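J.: Please take these sequences and the hints and turn them into a complete structure.
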Amino acid sequence: MSKATDAKSVTVQTETKKADSDKASTKKANGKQRIAAMGDLHIKEHGSASYRELFSEISQAADILVLTGDLTDLGKPKEAEILAADLRSCSIPIVGVLGNHDYECGCVEEVTHILKDAGIHLLEGQAVEINGVGFAGAKGFAGGFGRHMLGSFGEPAIKAMVTESVEETMRLENALRQVRSERAMVILHYAPIRETVIGEPEEIYPFLGSSRLAETIDRFPVSAVVHGHAHRGTYEGKTPGGAPVYNVASHIEKPTGKPYALLEL
1 MSKATDAKSV TVQTETKKAD SDKASTKKAN GKQRIAAMGD LHIKEHGSAS YRELFSEISQ
61 AADILVLTGD LTDLGKPKEA EILAADLRSC SIPIVGVLGN HDYECGCVEE VTHILKDAGI
121 HLLEGQAVEI NGVGFAGAKG FAGGFGRHML GSFGEPAIKA MVTESVEETM RLENALRQVR
181 SERAMVILHY APIRETVIGE PEEIYPFLGS SRLAETIDRF PVSAVVHGHA HRGTYEGKTP
241 GGAPVYNVAS HIEKPTGKPY ALLEL
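Residue numbers for the sequence shown follow the UniProt record's numbering, beginning at 1 and rising by one.
Hints in this document: simulated from the structure, not taken from any laboratory.
Any given hint might turn out to be false.
[What the hints assert, rightly or not] Under the rule of at most 30 Å between Cα atoms (straight-line distance), these lysine-lysine pairs were calculated in the DSS-like manner:
1. 44 to 78
2. 78 to 116
3. 32 to 238
4. 44 to 116
5. 254 to 32
As the structure is a prediction and not an experimental result, all values here were calculated from the model.
T.: In structure tokens:
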């Protein structure tokens, strides 16, 4: 065989491999995506167990990892650095939101910077598309559910709380308006429905989420919603409009028997 023939053969093989790779990428983007979702890792500066093995396992079990906030315990940059180091064992795309604990120390900008540098698509009223799935994310906020939802009346402190709840809902709406994919997942920290906080003391329900979030979700074609925050809550529920909602806090018992849920979109 001549050198010219050899070169032609190599070119054909290279083009074939590229075509196969392109087909695989298209299939991955258009096909079902396995999404591992978990929250409330509460990484501590001292004494936290490593998540490296779990993230490595998730990389084999899923196509995308979703994190639903309270990634750190006190919002310390050192805690974020520990999580960032553990995330090196995760080889799949990561998207998520922050939770209330991530704000505790007043270092949220530094924590955000560290986690973004670690490869997390951190959303706060934004959307991102990964492998054909649109993710809309916001932290959410408290306020209560249904007819027991807190109204803007009375002392300035109450009105400020309701204003914050409304503003978080608007952030979620802005994120959902950016989604162009037919498959959409909402990522929250706070719960959008009462059903997935059942198991917690009823006295604290108003601090675990808000129906305002569900009202916004039901105005858009949403495939699934994930949240955390309610450690003693319930795994599964639905918005009034029928969107599936999953409480994926790591403490919640899930069908996988693992700290993470495995969903398919």
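J.: When the hints from earlier in the document are held up against this structure, which numbers fail?
T.: none
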